[in-house]
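Here the protein sequences come in this chain order: A and B.
Going by numbering that gives the first Met the number 0, the letters in the first sequence line up with residues 0 to 204, in that order.
Going by numbering that gives the first Met the number 0, the letters in the second sequence line up with residues 0 to 305, in that order.
Warning: the hint list may mix true and false statements.
What the hints assert, rightly or not - Derived coverage of chain A by chain B (criterion: at least 3 residues anywhere in the stretch with Cβ under 8 Å from a Cβ of chain B; other residues may be distant): (1) 125-139; (2) 159-165.
Stated by the list, open to error - Chain B side only, calculated, beta carbon under 7 Å to chain A, not exhaustive: (3) Leu100; (4) Leu180; (5) Thr182; (6) Tyr186.
Claimed, not checked - Residues on chain B that point at chain A, a partial pick, calculated with CB under 7 Å: (7) Trp171; (8) Tyr175; (9) Leu193; (10) Cys261.
Rather than coming from a laboratory, the hints here were simulated on the basis of the structure.
Positions of the beta carbon are idealized from the N, C-alpha and C atoms, including for glycine.
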Amino acid sequence: MKTTHGDVAARKKKGPGALATAYLVIYNVVMTAGWLVIAVGLVRAYLARGSYHGLYYSIEKPLKFFQTGALLEVLSRVFLTWAVTHSVREVRRRLLFYFHFEIIIGYSFNTSSWLNPLRYTFFFALYPMGVSGELLTIYAALPHVQKTGLYSVTLPNKYNFSFDYHGFLILAMVSYIPLFPQLYFHMIRQRKKVLGHVEDYSKVE
Amino acid sequence: MKHYEILDAKTKDKLCFLDKVEPNATIGEIKSMFHKSHPQWYPTRQSIRLDAKGKSLKDEDVLQHLPVGTTATFYFRDLGAQISWVTVFLTEYMGPLVLYLMFYFRVPFIYAAKYDFTTSKHWVVHLACMCHSFHFVKRLLETLFVHRFSHGTMPLRNIFKNCTYYWGFAAWMAYYINHPLYTPPIYGEQQIRLALVLFLFCQIGNFSIHIALRNLRPPGSKTRKIPYPTKNPFTWIFLLVSCPNYTYELGAWLGFTLMTQCLPVAFFTLVGFIQMTVWAKGKHRSYLKEFRDYPPLRSPILPFIL
Chain A
0 MKTTHGDVAA RKKKGPGALA TAYLVIYNVV MTAGWLVIAV GLVRAYLARG
50 SYHGLYYSIE KPLKFFQTGA LLEVLSRVFL TWAVTHSVRE VRRRLLFYFH
100 FEIIIGYSFN TSSWLNPLRY TFFFALYPMG VSGELLTIYA ALPHVQKTGL
150 YSVTLPNKYN FSFDYHGFLI LAMVSYIPLF PQLYFHMIRQ RKKVLGHVED
200 YSKVE
Chain B
0 MKHYEILDAK TKDKLCFLDK VEPNATIGEI KSMFHKSHPQ WYPTRQSIRL
50 DAKGKSLKDE DVLQHLPVGT TATFYFRDLG AQISWVTVFL TEYMGPLVLY
100 LMFYFRVPFI YAAKYDFTTS KHWVVHLACM CHSFHFVKRL LETLFVHRFS
150 HGTMPLRNIF KNCTYYWGFA AWMAYYINHP LYTPPIYGEQ QIRLALVLFL
200 FCQIGNFSIH IALRNLRPPG SKTRKIPYPT KNPFTWIFLL VSCPNYTYEL
250 GAWLGFTLMT QCLPVAFFTL VGFIQMTVWA KGKHRSYLKE FRDYPPLRSP
300 ILPFIL
């Protein structure tokens, strides 16, 4: 694979147009609602059953719908604009697994940037909480996935392909070890940058 | 005779002052001089520009032809550790060649122990091994004897990225094709024969384009010219396409996908196609920018389509 020798063109910082902004606002409101539905569903299911078992299946349909929606968000972000402050990495991580309380708050904060100070500070606590929640959920799901062979494909078949969802999940859990610190510290750096900005504006007044 | 100073593009610190420089000196010579005062920045990792955020100047650029004012200031950016293109290509292609053969010969610890050092009973598996190996031997030989690279080096981190891509995909494909439970193509001999024809046709095509491109450029030069069809019919595709080397490469991998009927091979073909399309579009755009009389009928990679 080749790359061009020399510099990458400097990313032009331009604000999203009116249509793009409207789309993002509506999209974020819908996503907030969606993840809220999922979270409420999970809490209710947990209270009803008294355990984590079968929790996933209680919210499977809305979850799939909103995860597909989150995938669209990645595509729309990539196509629409680089200037939106959230990194693509942040969204990609959200795609990975189920249980994200911080996303609900995050999406609601997306609708107005003056909430940024709150949002970035909340994240200090919520990121680790969210990650632990995700890891626990995956871990709890593992025996079931192994037993039923969920989303797995075995040989022989005419496409000469196989996929072990159980192994994939374990790999995903392991990948948190390098990924989470990077994302967490990136968030902290973003916070310093964004909040630093806000303080400057208030000084200009 | 002029004086020049080199500033850091980001911090604007004065890094180097060059006095008594000949006006017909080149940027390449400036880089050598800069390297003497800063031995850690060898010439290939230097980016010298007239504007801190501007484009890199070329080694061949002559100082007196540059739009410098009386205060001749250059800006420097460190491109990071560099590695030669040849080294990267040889390493990234060696992997697939060796790894595939390891799976083909069913070296221990890949498949169940009872299959160690056995060979597949399907003749298409042997054919696939020959084709895959031929493809990468061809690439290695082209790297050594055919290609004339514009750039000597690329960033060091690319070798890790590129090798992960090539070695990873090669192992993934080879695992299934050489698996004891491999299922041969549905339409049997017809499918395999068609696939082989397509594969070979595109290998010859790809090689013909590489030779044609090489002949555009005298040895040791970095000139760029518009490629045109030659006497070789495989180059007539230049009438319709800017980067037929990529077109043929896609064709060859489609052939290999058809031959092996293996989904991982299809994925590899798809990912490669996406990457080559990006490169082809970039190359096509450069051609259009550089040459006023660039043939309008040509598309970047797929005739009339893409």
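Status of each hint after checking the structure:
For a cut-off of 8 Å, the count of residues in the segment 125-139 of chain A with a CB near a CB of chain B stands at 0, and the three-residue condition is violated. Against chain B, the segment 159-165 of chain A contributes 3 residues with a C-beta closer than 8 Å to a partner C-beta. That satisfies the three-residue criterion, and the hint holds. Taken as an interface hint, Leu100 of chain B does not check out: its beta carbon lies about 19 Å from the nearest beta carbon of chain A, beyond 7 Å. Restraint check, Leu180 of chain B versus chain A: the minimum CB separation of about 4 Å is within 7 Å; hint holds.
Checking Thr182 of chain B against chain A by beta carbon gives a least distance of about 5 Å; that is within 7 Å, so the hint holds. At about 11 Å, the closest approach between the beta carbon of Tyr186 of chain B and any beta carbon in chain A exceeds 7 Å, and the interface hint on this residue is violated. Taking 7 Å as the C-beta cut-off, the interface hint given for Trp171 of chain B is violated, the closest approach to chain A being about 10 Å. Against a cut-off of 7 Å between C-beta atoms, the interface hint on Tyr175 of chain B holds, since the closest Cβ of chain A lies about 4 Å away.
A least Cβ separation of about 17 Å between Leu193 of chain B and chain A goes past the 7 Å threshold, and the interface hint is therefore violated. Restraint check, Cys261 of chain B versus chain A: the minimum CB separation of about 4 Å is within 7 Å; hint holds.
When held up to the earlier numbered hints, the structure conflicts with 1, 3, 6, 7, 9 and fits the remainder.
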